[in-house]
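Enquirer: One letter stands for each residue in the lines below.
Protein chains: 2
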Amino acid sequence: MDEDEVRALAALTTVAPPGDPWLGAVLAEHGAARVWADLVAGAPPPAGPADGEAVVDRDRVALRWRRWHAQARGVDVDALLAASAAAGVRFVAPGDPEWPGRLEALDAPGGRRSHGLWVRGRGDLRNLCLRSVAIVGSRASTPYGGHVAAELAYDLAERSVVVVSGGAYGIDGAAHRAAHAAGATVVVLACGPDVDYPRGHAGMFTDIARTGVLVSERPVGLRPRAKDFLVRNRLIAALTPGTVVVEAGLRSGALNTAAHAAELHRVLMAVPGPVTSAMSAGCHLLLRDRQAACVTSAEDVLDQIGPLGGVPPGPVRVTAELAPESARVLAAVPRGGGGPAVIARACGRDLESTMRALGLLAAAGLVERCPAGWRPVR
Amino acid sequence: MDEDEVRALAALTTVAPPGDPWLGAVLAEHGAARVWADLVAGAPPPAGPADGEAVVDRDRVALRWRRWHAQARGVDVDALLAASAAAGVRFVAPGDPEWPGRLEALDAPGGRRSHGLWVRGRGDLRNLCLRSVAIVGSRASTPYGGHVAAELAYDLAERSVVVVSGGAYGIDGAAHRAAHAAGATVVVLACGPDVDYPRGHAGMFTDIARTGVLVSERPVGLRPRAKDFLVRNRLIAALTPGTVVVEAGLRSGALNTAAHAAELHRVLMAVPGPVTSAMSAGCHLLLRDRQAACVTSAEDVLDQIGPLGGVPPGPVRVTAELAPESARVLAAVPRGGGGPAVIARACGRDLESTMRALGLLAAAGLVERCPAGWRPVR
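Same order as they appear, the protein sequences are chains A and B.
Per this note's numbering: the first sequence = residues 1 to 378.
Per this note's numbering: the second sequence = residues 1 to 378.
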């Protein structure tokens with residue numbers, strides 16, 4: 001994707017809320033640079049998808065377009081990217097080596113596709129999501145739910161499974177804290193990735209950014225609104241091969257994430273709890289209606305996601321999911337280990353891009369440092 | 001079934017353990033009177049089922065037959081029936097109006113069919129089992145399991161569902177005690193129905209006998225042996241349209257009952273619990289492998305057994321499952337109520353059998369006493 005497209009997509013995140021199906025269709029048809037230019041210039045809204053593909057309310061589109069236009073005029077893309085960089089936040093667009101392939105599931109016609117992600121942290125989003133599981137649940141979790149979420153997250157992290165969750169108190173926080181102790185985690189936020197929401201998780205977010213990532217469709221500085229969490233939930237489901245609901249009341253947002261996972265044909269799992277606990281009623285509903293598989297341990301989760309998302313620790317299966325550049329670098333890493341210059345020569349790439357690829361591969365647990373430089377894991 | 005057959009079946013329960021597939025096949029082929037006569041006389045074992053239907057070890061059959069013969073010589077059938085009657089225990093054989101139709105599921109070739117039941121208590125076994133649910137679980141239940149079993153049993157009893165279970169401490173006892181407070185229950189024992197095993201349940205058994213029944217394939221006075229419980233478990237599963245496992249460790253006998261229920265194509269249900277509790281591990285195993293439906297309340301249980309065993313409280317559906325005699329008497333009960341003589345005339349039967357039928361119908365909750373005598377419920 002050329003730089004103008006990426007800049008336009010980044011700019012659009014400042015005015016259009018994520019997951020707008022009309023905007024998704026228009027971007028797919030006309031490209032982001034043209035749409036952004038029209039928006040800034042105050043041109044009429046571009047033609048949407050042909051009739052029959054999606055029913056669109058023209059008046060509502062025009063209203064939205066005018067509102068976005070009013071905001072777009074004031075956007076300075078260079079300043080946006082500079083402010084993001086200053087906050088340690090990068091923009092990752094579709095086609096970027098760090099773009100997670102699983103998000104393509106959102107690109108179906110009428111779907112709430114994602115146009116770009118703001119990412120904070122040293123981890124590589126794509127590689128972190130390769131072998132991952134979403135752990136979700138209520139903010140107002142019980143001690144039982146918090147305990148189970150932590151046990152499950154730690155055991156999964158120990159088995160090199162990356163935990164993906166929101167940033168809330170309760171199950172989200174318990175899962176991230178425990179997983180972070182044994183591995184990397186991915187926090188999917190409804191606010192800008194530099195916004196510490198909730199405040200009490202500021203320290204945890206800083207810790208997570210050292211090895212994992214915080215990711216959002218909203219730009220730096222943006223505080224979350226209630227409806228943003230529902231749109232965010234589809235990302236949690238889409239980034240992972242499976243979602244585990246640890247504890248959820250009947251009106252918990254975690255059931256919304258679960259519905260997205262089911263819709264995307266991802267593995268949906270639920271942890272049972274005491275039937276006397278209202279905070280497990282949502283889990284039991286999913287089990288009763290046979291929407292979710294019953295899981296009680298990390299082994300159960302691995303059994304469930306095995307064939308879909310469980311990448312066994314052999315490079316053969318992994319390379320199939322890696323970006324072609326990373327796969328080429330991985331193939332060039334000598335069994336006995338070798339320095340970046342050796343590896344760069346072997347794969348015919350420049351030193352800088354080879355070192356970047358080695359960093360990504362290390363984050364994914366596929367290569368590790370050794371006296372000679374880098375060697376494949378296993 | 002003629003009286004000689006019934007007497008022979010009763011006598012056989014004193015020497016042959018229940019659920020012997022060879023004996024089941026031989027009884028079906030030759031009749032109980034002939035088999036018992038041969039056994040007492042020391043004749044050779046009768047010819048079993050044709051080759052191919054069941055593989056039978058002739059030597060083992062001969063050994064068993066000799067052992068049974070040694071015991072059979074000492075059996076006085078009149079004394080047995082007198083002792084049973086003195087203990088308030090009656091013998092119910094296949095074909096008896098009180099014989100539960102669901103036990104026919106055990107009559108499949110090679111199956112562990114039942115030849116007769118010793119019944120103690122004022123309830124009518126057949127009618128009690130029409131709308132029933134088995135509630136099973138561990139003897140060493142947790143306070144959580146005991147609480148859930150009691151809640152579930154009470155709520156089901158309140159909805160006129162009869163609870164069927166064993167007589168053990170733990171889940172069995174909790175279910176019976178709670179159900180008895182709101183309705184009738186059926187205790188299925190591995191010992192003679194007059195034997196208070198365990199001792200601590202003697203008072204509860206006496207209470208249950210006032211409205212429900214205690215039932216066993218073993219005669220009065222017989223104490224249980226370990227293997228008898230496994231054979232008994234098939235009866236619990238077969239008597240009911242569905243079995244609920246409330247709490248069970250991975251080696252609990254309740255999983256044996258669950259396996260029987262699945263084999264008999266009855267509805268199998270499990271109550272979830274904390275994943276941190278080993279006493280819920282068996283339930284979670286059934287849920288994980290999708291063998292059991294997840295239930296958390298009496299409503300969930302009724303949803304599950306609805307079409308199979310849930311007889312709605314309208315007489316139309318019930319009469320279809322009643323013995324023809326009882327159905328005729330029920331149809332003759334005037335809406336405004338009437339005395340037994342009026343009802344007997346209306347259905348063309350003698351007073352004594354009419355009164356007996358009214359007792360059975362009352363036990364099943366289909367008729368009730370009123371100033372005029374008896375009236376239909378609803």
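Please note that the accuracy of each hint is not assured.
Partner residues aside, some chain B positions facing chain A, computed with beta carbon under 10 Å [unchecked claim]:
1. H30
2. H69
3. Q71
4. V75
5. V148
6. E151
7. L152
8. Y154
9. A281
10. D289
11. R290
12. T296
13. S353
14. M355
Simulated restraints on C-beta separations [what the hints assert, rightly or not]:
15. B/A108 - A/T276: 54 to 62 Å
16. B/A140 - A/R290: 29 to 37 Å
17. B/T276 - A/G306: 22 to 30 Å
Far from chain A by the CB rule (all over 12 Å, computed), these chain B residues [to be verified]:
18. E3
19. R58
20. L103
21. P274
22. R288
23. G365
24. E368
Calculated directly from the structure, the hints in this document are not laboratory data.
C-beta: ideal position from N, C-alpha, C; glycine also.
Enquirer: Taking the hints in turn, state whether each one holds.
Expert: Quick rundown of the hints versus the structure:
no.	hint	result
1	H30	47 Å, violated
2	H69	51 Å, violated
3	Q71	48 Å, violated
4	V75	49 Å, violated
5	V148	6 Å, holds
6	E151	8 Å, holds
7	L152	9 Å, holds
8	Y154	14 Å, violated
9	A281	8 Å, holds
10	D289	9 Å, holds
11	R290	7 Å, holds
12	T296	4 Å, holds
13	S353	46 Å, violated
14	M355	44 Å, violated
15	B/A108 - A/T276: 54 to 62 Å	40 Å, violated
16	B/A140 - A/R290: 29 to 37 Å	30 Å, holds
17	B/T276 - A/G306: 22 to 30 Å	24 Å, holds
18	E3	50 Å, holds
19	R58	46 Å, holds
20	L103	30 Å, holds
21	P274	6 Å, violated
22	R288	4 Å, violated
23	G365	27 Å, holds
24	E368	34 Å, holds
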